[in-house]
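Q: Single-letter residue listing:
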Amino acid sequence: MIIEIIVAIFLGIIFSMITGLIPGIHTNLISSFLITSLPFFLGFTEPFPLVIFIVSMSISTVFLDFIPTTFLGAPNEDTSLSIQPAHELLLSGKANTAIFLSSIGALIGTILVFVVTPILTFSLNAVYPFFEKMMPWVLFWICVLLIMGEKNTILTIIFFTISGFFGIASLNLYIEQPLLPMLTGLFGISGLIFSINEKSIIPTQETKIEFDKKDLIKPTIASLVISPFCAFLPGLGGSQATIISSKVLGELNRKQFLIMNGIINTILMGLSFSVLFIIGKSRTGSAAAISQITQLTQKDIYLILFIMLIVATVGFFLTKFISVKISNHINDINYKKVSLSVIIFLTLLVCIISGFQGFIVLVVSTLLGLTCQYYGIRKGILMGCLLIPTILYYLPF
Amino acid sequence: MKTERIFLILTLLGITILFILTNFQKPTAEGVIYKVTSTPSSTTILLQDNPIKFIILNEAQIDISKNDFIKIYGTKQIGPNETIVFVNSIKK
Chain A
1 MIIEIIVAIF LGIIFSMITG LIPGIHTNLI SSFLITSLPF FLGFTEPFPL VIFIVSMSIS
61 TVFLDFIPTT FLGAPNEDTS LSIQPAHELL LSGKANTAIF LSSIGALIGT ILVFVVTPIL
121 TFSLNAVYPF FEKMMPWVLF WICVLLIMGE KNTILTIIFF TISGFFGIAS LNLYIEQPLL
181 PMLTGLFGIS GLIFSINEKS IIPTQETKIE FDKKDLIKPT IASLVISPFC AFLPGLGGSQ
241 ATIISSKVLG ELNRKQFLIM NGIINTILMG LSFSVLFIIG KSRTGSAAAI SQITQLTQKD
301 IYLILFIMLI VATVGFFLTK FISVKISNHI NDINYKKVSL SVIIFLTLLV CIISGFQGFI
361 VLVVSTLLGL TCQYYGIRKG ILMGCLLIPT ILYYLPF
Chain B
1001 MKTERIFLIL TLLGITILFI LTNFQKPTAE GVIYKVTSTP SSTTILLQDN PIKFIILNEA
1061 QIDISKNDFI KIYGTKQIGP NETIVFVNSI KK
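For the record, the sequence lines run as chains A and B.
Position 235 of the first sequence, counting from 1, maps to 235 under this note's numbering, and the rest follow consecutively.
Position 49 of the second sequence, counting from 1, maps to 1049 under this note's numbering, and the rest follow consecutively.
The shape of chain A in the complex, shown without the other chains:
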């Protein structure tokens, strides 16, 4: 069994290089394949190594996801808000710093999962029914927090509402992986087109990391307070948790924002396994896959937490290594050509995975992202495309 677990960890990390580095290839895709082929895999091994494979792949992917987000501007659901600060650091020659900060955040997040899991074990069963009923109102106040403090409140509300309508329409198309064209257009391709128009140039990337330990304090405290709620409340993802934390603690600088996004993403992924054990709810695709494989015991959870720590350490150094390798060569290529290639690649990927309707969603989301940018509205407001449909879904009428 120990050898099988070690092999599962190793394979999980290998597969995370596909799911993390190639935009659009999500861990859910691999997990779904595993579930549909479960009888085949159970002919070779017991269920627990398969669980460990999913855990390793998911945790390592959280780290590696920061690389395409920073270099290509290709986000997923959880990294969509970090794309702007990461891209700004890339354009100032500090891509390695951006990736390091996100990764160090993710590493801290893994450690915080150890702190939060025992608290959730004792309290979650008691508080969950209350919070589940309150869900739409909690989300409503997140929307208020999101809009509050913006310079042009009326335009912000207009864009938030438009993004909500966009989200409702897109999610009702039932295309494969709807978030891929939605978020790629809103935060990825629109940003790339804008950069091309602005004639941005990627400078030589510094290998020296700019990091002040004091930047860790604020994001760690905020994530520790907010993430446990997001870990069990349906409809609250990494981006929403990042919004609440940044609003609660006041203005965060770019570096603190990246650290916080890293912390929150690993906490949410890590805690989803604990939450599955405690209340039987699956908050992430990976936890959902595990719920289809086996029933977790307390012993399993402790082992999973321990393995998460090992995988996170490997993921941290692997991400750092790949980031340096890419940044050493990024100057050799023309940024405009790279951006255009990425846009073509992402468009093809959307067409293959989500089909023609996915392509239309991509065009509309790109237009919406560009319009938001031309009007000078902060793009985080476009998370209304997920928040508004979620509120409507959980309303009791």
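Hints listed in this document are in silico derivations from the structure and should not be mistaken for laboratory results.
Any given hint could turn out to be false.
[Unchecked claim] In the BS3-like style, the derived pairs of lysine-lysine whose C-alpha atoms are separated by at most 30 Å in a straight line are:
{"no.": "1", "chain 1": "A", "residue 1": "K336", "chain 2": "A", "residue 2": "K320"}
{"no.": "2", "chain 1": "A", "residue 1": "K133", "chain 2": "B", "residue 2": "K1092"}
{"no.": "3", "chain 1": "A", "residue 1": "K337", "chain 2": "B", "residue 2": "K1002"}
{"no.": "4", "chain 1": "A", "residue 1": "K133", "chain 2": "B", "residue 2": "K1002"}
{"no.": "5", "chain 1": "A", "residue 1": "K151", "chain 2": "B", "residue 2": "K1002"}
{"no.": "6", "chain 1": "B", "residue 1": "K1071", "chain 2": "A", "residue 2": "K133"}
Since the structure of chain A is already known, use the hints to place chain B on it.
A: Leaving out everything else, chain B in the frame of chain A:
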């Protein structure tokens, strides 16, 4: 007309097209329910004369029972051993 206004009009037009497209959605599957089984984390539905397993994640209460005719919208996952559909929505 200013660039941003043209983009805004195109966006609104695009969203309208998306709404129109939602009205032409075909269900992933439809049929009479043969069996419904629930666990805390998921509900599994089997339809009569259909080998596909339909899985609903995290839905605490679903108002369906055996012999109901339903339309299912969801994401199909085809594997070598079986095909499953993760259900997004069910209409009676």
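Q: Confirm or reject each hint.
A: Cross-check of the supplied hints:
no., hint, in the structure
1, A:K336 x A:K320, "25 Å, holds"
2, A:K133 x B:K1092, "25 Å, holds"
3, A:K337 x B:K1002, "28 Å, holds"
4, A:K133 x B:K1002, "45 Å, violated"
5, A:K151 x B:K1002, "21 Å, holds"
6, B:K1071 x A:K133, "27 Å, holds"
Going down the numbered hints, you'll see the structure goes against just number 4.
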